[in-house]
Amino acid sequence: SLTSEESREDEDKEESRIIPAKDLKDAFFCWSKLSKLAEDYHPDVGSVEKAIQVSHDFPTFYM
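When we follow the working numbering, the leftmost residue of the sequence shown carries the number 2, and every step to the right adds one.
Bear in mind the hints are in silico, worked out from the structure with no lab data behind them. All C-beta atoms, glycine included, are put in the ideal place defined by N, C-alpha and C. Warning: the hint list may mix true and false statements.
Stated by the list, open to error - Label pairs and their in silico Cβ distance ranges:
no., residue 1, residue 2, range
1, S48, D27, 39 to 45 Å
2, E50, F30, 26 to 32 Å
3, E50, L25, 19 to 25 Å
4, D41, D13, 39 to 45 Å
5, D27, K51, 24 to 30 Å
6, K51, S5, 38 to 44 Å
7, K23, Q54, 34 to 40 Å
Claimed, not checked - For lysine-lysine, the following DSS-like pairs were computed, each having C-alpha atoms within a straight-line distance of at most 27 Å:
no., residue 1, residue 2
8, K34, K51
9, K14, K26
10, K51, K37
11, K26, K51
12, K37, K26
13, K23, K34
14, K37, K14
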């Protein structure tokens, strides 16, 4: 069985993995800008759209 100290350490580890909402908002804003830039300037539109779709699926799969 876990001691209270081990339990507290596990809780601290979980809390340290929580990403603040502001940081997530900033990251998604930057990602949307980068996606738009790639769509506007990359010569292979199909590849860009596929990469963006895959990247949109990635965070929800691992979060």
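Hints, verified against the model:
{"no.": "1", "hint": "S48 to D27: 39 to 45 Å", "verdict": "27 Å, violated"}
{"no.": "2", "hint": "E50 to F30: 26 to 32 Å", "verdict": "20 Å, violated"}
{"no.": "3", "hint": "E50 to L25: 19 to 25 Å", "verdict": "24 Å, holds"}
{"no.": "4", "hint": "D41 to D13: 39 to 45 Å", "verdict": "44 Å, holds"}
{"no.": "5", "hint": "D27 to K51: 24 to 30 Å", "verdict": "26 Å, holds"}
{"no.": "6", "hint": "K51 to S5: 38 to 44 Å", "verdict": "50 Å, violated"}
{"no.": "7", "hint": "K23 to Q54: 34 to 40 Å", "verdict": "26 Å, violated"}
{"no.": "8", "hint": "K34 to K51", "verdict": "17 Å, holds"}
{"no.": "9", "hint": "K14 to K26", "verdict": "23 Å, holds"}
{"no.": "10", "hint": "K51 to K37", "verdict": "13 Å, holds"}
{"no.": "11", "hint": "K26 to K51", "verdict": "23 Å, holds"}
{"no.": "12", "hint": "K37 to K26", "verdict": "17 Å, holds"}
{"no.": "13", "hint": "K23 to K34", "verdict": "17 Å, holds"}
{"no.": "14", "hint": "K37 to K14", "verdict": "36 Å, violated"}
In the structure shown, a violation is registered for the earlier hints numbered 1, 2, 6, 7 and 14, in ascending order.
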